Amino acid sequence: MSTETAVVIEKKEREPLFSKKNRKLLVDPIDSDNPITVQVLGICSALAVTVQTWPSIVMSIGVIFVAAFSNLIISLLRNTIPPRIRIIVQLVVVSLFVQIVSEILKAYIYDIYLELSVFIGLIITNCIIMGRLEAFALANKPWPSFLDGIGNGLGYGAILIAVGLIREYFGTGGTLFSGTPIEFTMFTFPSVGIMAMPAGACIIVGLLIWAQRARNGYAEESN
Amino acid sequence: MENLVSLGIRSIFIDNMIFAYFLGMCSYLAVSKTVKTSMGLGLAVIFVLTLTVPINYLVYTYFLKEGALTWLSADLAGLDLTFIQLMVFIAVIASFVQLTEMAVEKISPALYASLGIFLPLIAVNCSILGGALFMVQRNFSTLAEATVYGFSSGIGWLLAVVLFAAIRERLKYSNVPKPLKGLGLAFIIVGLMSFAFQTFLGIAL
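Just so you know, the protein sequences line up as chains A and B, in that order. Per the working numbering, residue 44 is the first one in the first sequence, and the count goes up by one each step. Per the working numbering, residue 22 is the first one in the second sequence, and the count goes up by one each step.
Check each hint, because a few of them may be wrong.
[Claimed, not checked] If you only want the chain B side, here are some residues facing chain A, beta carbon under 10 Å, derived:
| no. | residue |
| --- | --- |
| 1 | G45 |
| 2 | K86 |
| 3 | Q219 |
[Unchecked claim] Pairwise CB distance ranges, derived in the manner of DEER restraints:
| no. | chain 1 | residue 1 | chain 2 | residue 2 | range |
| --- | --- | --- | --- | --- | --- |
| 4 | B | W92 | A | A254 | 30 to 40 Å |
| 5 | B | M123 | A | K184 | 29 to 39 Å |
| 6 | B | F104 | A | I124 | 21 to 31 Å |
| 7 | B | E126 | A | L120 | 26 to 36 Å |
| 8 | B | A131 | A | I124 | 31 to 41 Å |
| 9 | B | F104 | A | S234 | 31 to 41 Å |
| 10 | A | I104 | B | F221 | 31 to 41 Å |
| 11 | A | I128 | B | I128 | 39 to 49 Å |
| 12 | A | N259 | B | W92 | 56 to 66 Å |
| 13 | B | E126 | A | I124 | 43 to 53 Å |
| 14 | B | A124 | A | A254 | 39 to 49 Å |
| 15 | A | K64 | B | W92 | 30 to 40 Å |
| 16 | A | K64 | B | A217 | 13 to 23 Å |
No lab work stands behind these hints, which were simulated from the structure alone. Every value quoted in this text rests on a predicted model; they were computed, and no experiment measured them. Using N, Cα and C, we set each Cβ at its ideal position, and we do this for glycine too.
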C-alpha cells in the first residue's frame, strides 16, 4: 500500500460543487495518479477478472459504486470513529456495500456473477477502497471524498478495461462487440493462449505501466 | 488421508494463491523487496490462514448455510443466511487478527517484534478472505479438508513471496530501462513466474 499523503481541503464558506479542486479529485486518478499503476493499489482483481471485457466493465462499475459510497459514509462518520477500531468499522461499512453489489449482480446478471465468483467478495479487501478510506475519507469532507471515490474507481476501471480488451482480443480473437451487429475484425491470427492465462495479465499490466510511465516521465528511484 | 495430501499439494503448487489467482498482490508487491520481510509476512499469512479458514468453515456450516441452524431448532431448517456471508467472514478475520496481535504482544514480545508489524496488514490481505470464499465455493466436506486447504494455501503464498523477493534482491544490480524499473518489471517477473508454475498443471493427482 503506498503512503500517499492526504490532500487536506481547507474550510471554505461556499464552494461550487465542481470547483477546480474537486474536478482535480475526479480526473487525477484516471491518469497521473492512477490507483493501479501509480499508487499500486487493488492489483489482485485487476489481474484476475480481465480475461474478457464484459466482466471487467461490470467489476469496474462495482468498484466505483463501493469506493464512492464507502468513502462518503466513512467521511460522514470520520469524527465519531475511535481510531483504534477504525479498520473494523471500515471493513464493516465496505462489506455492506459489497454485499449490495453482489446481491444485485446475482439477481440481474447471474452468468457474469458466476464468472467473477469470489472476486466480487474480494472488493472488500481491495486495497483501493481501504487505501482511499485511510488516506482521504478520514481527513476530508463528504463531497470531496465521494468524488475521490468515483475518481479512483474510474482510474481502476480504465486500466481494467484496457487489459480486458487486449487480453480478449489476443487471447480469443473476440472483441467487446462479438456476436452483435457491429462486430468487426481488423485481421485474423491464431489466438495466443498465454493471454488467456494468468501470466498474460501480469505481463500486459507490466507493459501498460511501462508505457504510462515512459509517457508521464515518472520513475522510481530505487528498486 | 490420501485426498488430504493431494489437496495440500494442489493448493501449494497448482492453485497457488499468487500465481493462479493473484490474491494478496498488494502486500506481495509491497513486502517483497527483501527476503527477510517477505519471510515474516509469509509466516503471518500461513498462521492466519490455517486458523481463519477452519473457523470460517465452522461458522459457515453451523450458522450461515441453508438449513445450517437445524441444530438449534427444527423451525429454522429453511433459513438461509448466506446473504450476510461477506460481512460475517470479514468480521471474523478482522477480529481474529486483532486478537492475535494482542495475544502475541502479551505472550511473546520477541515474536511480536518480528511479526507484529505485519499482522494489521493481514486483515486486508485478499488471500485471507479469498481463502474463506474459496472454501465455500469448493464445498469442503470436513473440517480437516478446510484446515489443510488453509495451511497449504499459506505455504504456497510464502513460497511465492520468498522466491519473488530473492529475484528482486538480485534485480537491484541490473540495468533496467528507467520507466520499467520497479513496478513494471515486477509485474513482468510475476507473469513469467506464473507461467513457470503452469507446468505443475501436468501433475496428475
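Here is how each hint holds up against the structure:
1. G45: This interface hint holds because 7 Å falls under the 10 Å limit.
2. K86: Constraint on K86 (chain B) not satisfied, violated at 16 Å.
3. Q219: 7 Å, holds
4. B:W92 x A:A254: 30 to 40 Å: 57 Å, violated
5. B:M123 x A:K184: 29 to 39 Å: This hint holds: roughly 34 Å between Cβ atoms.
6. B:F104 x A:I124: 21 to 31 Å: The hint (21 to 31 Å, Cβ to Cβ) holds, given that F104 (chain B) and I124 (chain A) are roughly 26 Å apart.
7. B:E126 x A:L120: 26 to 36 Å: 28 Å, holds
8. B:A131 x A:I124: 31 to 41 Å: With Cβ atoms ~32 Å apart, the hint holds.
9. B:F104 x A:S234: 31 to 41 Å: 39 Å, holds
10. A:I104 x B:F221: 31 to 41 Å: 35 Å, holds
11. A:I128 x B:I128: 39 to 49 Å: The hint (39 to 49 Å, Cβ to Cβ) is violated, given that I128 (chain A) and I128 (chain B) are roughly 22 Å apart.
12. A:N259 x B:W92: 56 to 66 Å: Once the Cβ atoms are compared, 59 Å apart, the range 56 to 66 Å for W92 (chain B) and N259 (chain A) holds.
13. B:E126 x A:I124: 43 to 53 Å: With Cβ atoms ~23 Å apart, the hint is violated.
14. B:A124 x A:A254: 39 to 49 Å: 47 Å, holds
15. A:K64 x B:W92: 30 to 40 Å: The hinted range 30 to 40 Å is violated for K64 (chain A) and W92 (chain B), with Cβ atoms some 57 Å apart.
16. A:K64 x B:A217: 13 to 23 Å: Hint violated: Cβ distance 47 Å, outside 13 to 23 Å.
In the structure shown, a violation is registered for the earlier hints numbered 2, 4, 11, 13, 15, 16, in ascending order.
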